[in-house]
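Peer 1: With the hints as your guide, set chain B onto chain A.
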Amino acid sequence: MNNYKNKINYESPCDSDNDWTNSSDDSKYSDTESSVPEWDSDIGEDGELVYIKTKTHSEIKNDTKAPLLESCETFKLRSDFKRSSTRRSTKGRIFKALKNRKFKVKDNGNDKRKDLEDNNKFIIIQVSKNMIFSSEKNCQIEKLFGISLDTHADGKTLVVADFLPEAKAIYTPKVKSGFYLQKINGIDVTSYNINNVLPRVIEDVENPKLTFQVVSEGFNIDLEKLLKLKNAPDNSLTQLLKDSMCSALYMCGNESDYPSNDDKGVLYCFPRPFNQNFLYNTRGAYLTLNHLAPKSLGTSEPVISTVLHKNQLINITYAPNCNDLLLVAIPNDKIDVFASKRIINDIVKVLELLYGSLKTCFTKPNNVDKLDSLFSRIFVSLLFGSKNKDKIDHINATFEDILAARTVSLPLEVKIQVDDAITELEAADYREWTDDVDNFQRLYTVIGACLYYSGHLLTSHLQDEDLKEINAYLKLNGILNLGNDKDIERLVIWKEAVGVTPPSPFYVEECESCLDLLFDVGLNKYLLSWFSSNTQPQVETSPQYLTKHGRKIRDNTSTKQDYKSPTLKLRKSQPVMKRRHNSSDQINAGSTSENSINNYHSTSQHNLYAQWYNGPQKQYRHSSLDVSYSEDSGSLKSNSEISEDRIAGRRADREQKNRRESSGSDSDWEKQEGSRSSNIDVSDLRKSLLDELDHATVHRITAGEENVLFHFIQLESEKGVLIAPVRNIEAQANSPLYSHIVKTFRTACKKIHELLQHSIMFKKSHAPSNPINKILVAVKEYGMLFEAPAAILNQCGISKKNCEPFHFWVVGRVFSEPEPRELYLCYHESVPQDITEIAYLLSYLE
Amino acid sequence: MSVIVIAIASESGVPIFSKKAGNNENIQFSTIASLHGINMFTKCHNLQMINTLVDNGTILWKEYCKSVTLIGIATGGLECDLELLLSCIHDVMVFCIGKKELENLKNLDQIKRDLRQCYPILDYLLESLDPNLVPRSTIVLDFIQSILCPQAQQLQQVLDNYAQSVTGRWACLTIHGHLVATSSDFCELDPRETRLLLLLAAAQDGAPLRDTLVYLQHMSPNVAFRAVTCKLLADVYVLVICGATPALSQIDELVLQVWEGYAQVIKEAKLVYPRNFPLSVNFDTALLGLLVINVSKRRCVFSRHLHSNQKSRAMSGVHRIDILRTFYVTTAKDLAPELKLAEGDEKGNSDKPIIYGAESQ
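Which chain is which? The protein sequence lines are A and B, in order. No gaps in the numbering here: position 530 of the first sequence is 530 in the UniProt record's numbering, and each next residue is one more. No gaps in the numbering here: position 357 of the second sequence is 357 in the UniProt record's numbering, and each next residue is one more.
Only chain A is shown next, with the shape it has when bound in the complex (with noise of 0.2 Å):
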């Protein structure tokens, strides 16, 4: 209720600054001469900024698959300022204070969702009270049971370090370091109250019990934490990723160069102690090897080399650069050589972002803590990022997740929304936000901008190497991943590649009220169900339904009906965001979508600017829009030439429907100068765009009458961008034929893209200095035809009996001109498809 209350009061522009000061309860904005976000205190001492606040539990429960920053109360409050700001007005600072409060009110929320995360396994020790243990340090719970403790990185928690050497054999293997100790003799023990504890067990006759909870691999592992880390990561973690056989080792062929290294020439490594890693103690090998081969051996530099170290395959990959050389090395039961042979890549490129070369990345004084942090959010969010969805094995290393951005192919007049949203970021027009143009300098250009929609790519106005490198950040960072596990109300990261700024909120609250623009125009709500339609191109999720048998279930039961309209109603069940309203009596807490626009009529007739609706306000979009938009078009460039004589009422409306259509004209802005407050914009009318279409028109791209196309992938690998059905397709499916489908077609995939990547080669440098395999660069297409197995089919309700084999083809294809794109299919058997003319189809779906 106090948010609701705080927004009304927000909503009237009259209200003064002090009012806001006073009624806050943090003195801190009260005398402060400029606004400070709310993510300030986050900023790093290197001037970098990541900043993540998670929503209350309450919301969550409605909607496990909300997407990131779904309904998000803080973008919609502030989104008046948007033009009519700058960040150092007076609003800016009472949207500080409101924001303050009301991050306030959700913090409470966080502490009950911890416990319910927590593993509740225990283990419970006895240990003889004879036992008195030699501790070194004189310590009196190493003295007591012999294991050393450490504290969490929440300064409460204990958790166990290492064991003494004697007490091994009581604890192991049921304890591990890295346990929580939870209680002793049933007491719960902290590091606060451990001194006073202890001196109460002593005393006690019976022998001590030590309760642990277990902290099962992964499961402690919180990806929001990581990110915000800025120290090194807590020993359990390190443990964590050693046990794993996790590692990073950068290395200078040439000590000469680094006199003052004593490390034998490793600059960097992790997991540490150096002794105990694996890639550490066999470096020599790696460097050697990378030496040999092109020098003596006639080949490449070594690209990968699967180890087997204590019954484990480890693919180690080698990254060279210059006489140095970056190693990395990860499990091959979690990432396939396939998968590690592009994480290295990305994983370059990301270093290259963050720091200009590898060189500089690994020599920079005093980065250790940070490399160390990103590293092992690399680690964790390439074993452990898919712990919500075990069922899917190999999650983040699926075919699409490696190889690119993965995109979805938008209708056109969503994908217009989004791209002038982003345009207008981009073109930060500063003569929106102040008057005082002429001493007003920009900090920064924008040279592009990118928006994702849980892990997808809407749009990007990257250059392609940018946003390769971009999306390696994300990806690597688990950033893509997060929105999965938690709802995300705000997240802000700012990292300045190569250099250090500290962050610019104006630039942040730009790009935010980018968001909340598209929030606005209600892109969320619409993305939400046109991600749950499966239209774009239509994938049949329901395979066994193509079987003989197969289609007598179906129409006995006939629930697939939808699927044979050509639009599909999109469901939008979401619960509506709550419109913005100029006065507390119109809000209308029950609207709906489908009436929110009527709605917001009513209410619109008796605001502050209801001379600008006159008259039913579809008028404007379907009957006169384009006449008017013709006609004024001569006079937008110059508007003050608008002759005198025009009438006036006729020109308010003129000048109402020239604001909406080019929001961004400068001369009509001047002349609206004095209401600046004015919340009708454009997204006004984009909203109602947005919102009226509730219809998908559903695309097929296989031939026949039925639709036998089970799932897809276009790569474009110079932009580094794919097309594919959405991630959650196989869960939107539930059917283990399907998921049987698209795990083989995965792995197919991922043949045919290594065989087509000589073609590709080929074509690329007519001269390869590398030898090629004449055979090989011909292949420009290749199909592989598989037969589901009998139990899967038994799975789905289709018996051995009445089953004719279900088969169904992978193809890849290539296309080379103009720039290769590959193509790669998934289709039942019964009719055959022409992969040119899909790809056809494919490349002008709108």
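Derived by calculation from the structure, the hints in this document are not laboratory data. Errors might be hidden in some of the hints.
So the derived label-pair ranges between C-beta atoms look like this [said to hold, decoys possible]: (1) A:T836 to B:E83: 35 to 43 Å; (2) B:T285 to A:E817: 28 to 36 Å; (3) B:L213 to A:F274: 49 to 57 Å; (4) B:P337 to A:T423: 51 to 59 Å; (5) B:G13 to A:I125: 47 to 55 Å; (6) B:P337 to A:R551: 29 to 37 Å.
Here are the simulated DSS-like pairs of lysine-lysine, each with C-alpha atoms no more than 25 Å apart in a straight line [unchecked claim]: (7) B:K333 to A:K751; (8) A:K264 to B:K43; (9) A:K310 to B:K62; (10) A:K310 to B:K43; (11) B:K62 to A:K341; (12) A:K359 to A:K264; (13) B:K20 to A:K774; (14) A:K341 to B:K333; (15) A:K242 to B:K43; (16) A:K295 to B:K20; (17) A:K228 to A:K495; (18) A:K743 to B:K333; (19) B:K19 to A:K295; (20) B:K62 to A:K295; (21) B:K333 to A:K750; (22) A:K310 to B:K66.
Beta carbons: idealized from backbone N, C-alpha and C, even for Gly.
Peer 2: Structure of chain B alone, referenced to chain A:
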């Protein structure tokens, strides 16, 4: 394309031999030492190098019998299963000097000298990877290349007869290195042993009659047999495994006695090459090449001359065989799990042949 194979005594690090095929330079001693050093060093740290990929190639370490390390380096887009090649080379080594010798490696200089006799086989094996050396080139390393001909039945009787006369059991007839007919007991031999015997005959280089001491890896890895190869016609050899007697001169006479009347049959069989399929079997004109594999018997037949009068075809035979081989190695092998059987468990599989074909568009 290039392949380098280096054999090193694992413990002492003494290089045993190094062989290469293709256009690369000879590998230096220091490089061999470094390569071996890498392997030894990682082993000290309980780490085993399985495989290293380079652009278009592979570097592989493989230790056999805990005594010999083979290092293979393959580059240049030639698709070959390097691991399989190394294991074949190890087989050849056992074939020539016996398993015990190879395990003990007592007198290294002696062994190095003994191993020289297997060099022709090794060279033949490596060269057969090159598609440009037409008659020798092979598609698959782990299958016995055969010729299907109607004369096989008749020839089998003669082979049985011949084997008896030299008090041996296993005899076979090869044309251009392809297996044509065998004696009835010949299937007792392991397919890998058969392959080595075929290689022995093929690497003979035209000698009319020769006997070699061979160790059959499965049959008798430590006691040598005597393999007698005899040239009947150009590119046609008959091979028999027998004991110490009869003497080579006697065998020379026996061969004449047994085979004299069958020259015509052999000549007819020889006509099937290079089609390798009997003329009675017709193929669609679109087919450019064909590979048929009998998985359980580990035998294969391949052909790039399916049509007798098609000189006009632009695509050369070398190219066709290269396509077929590349397809088999890069694709078919991974798709059909039957083809990747580990040694020893070949038996008990279906007789269903797997057919691969290259088809023109």
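Peer 1: Indicate, hint by hint, whether the structure satisfies it.
Peer 2: The hints, checked one at a time:
1. A:T836 to B:E83: 35 to 43 Å: About 38 Å separates the Cβ atoms of A:T836 and B:E83, which means 35 to 43 Å holds.
2. B:T285 to A:E817: 28 to 36 Å: holds, 32 Å
3. B:L213 to A:F274: 49 to 57 Å: holds, 54 Å
4. B:P337 to A:T423: 51 to 59 Å: Since B:P337 and A:T423 have Cβ atoms about 53 Å apart, the given range 51 to 59 Å holds.
5. B:G13 to A:I125: 47 to 55 Å: holds, 50 Å
6. B:P337 to A:R551: 29 to 37 Å: Between B:P337 and A:R551, where Cβ atoms are some 32 Å apart, the hint holds.
7. B:K333 to A:K751: Satisfied, since the Cα-Cα distance of roughly 12 Å is no more than 25 Å.
8. A:K264 to B:K43: holds, 21 Å
9. A:K310 to B:K62: It holds: about 18 Å lies between the C-alpha atoms, which stays within 25 Å.
10. A:K310 to B:K43: holds, 12 Å
11. B:K62 to A:K341: With a Cα-Cα distance of about 23 Å, the restraint between B:K62 and A:K341 holds, given a limit of 25 Å.
12. A:K359 to A:K264: holds, 17 Å
13. B:K20 to A:K774: holds, 21 Å
14. A:K341 to B:K333: Given pair A:K341, B:K333 holds - Cα atoms ~22 Å apart, limit 25 Å.
15. A:K242 to B:K43: Satisfied, since the Cα-Cα distance of roughly 20 Å is no more than 25 Å.
16. A:K295 to B:K20: holds, 17 Å
17. A:K228 to A:K495: holds, 12 Å
18. A:K743 to B:K333: Status holds; Cα separation ~20 Å.
19. B:K19 to A:K295: holds, 19 Å
20. B:K62 to A:K295: Roughly 22 Å separates the two Cα atoms, so the pair holds.
21. B:K333 to A:K750: holds, 16 Å
22. A:K310 to B:K66: Roughly 19 Å separates the two Cα atoms, so the pair holds.
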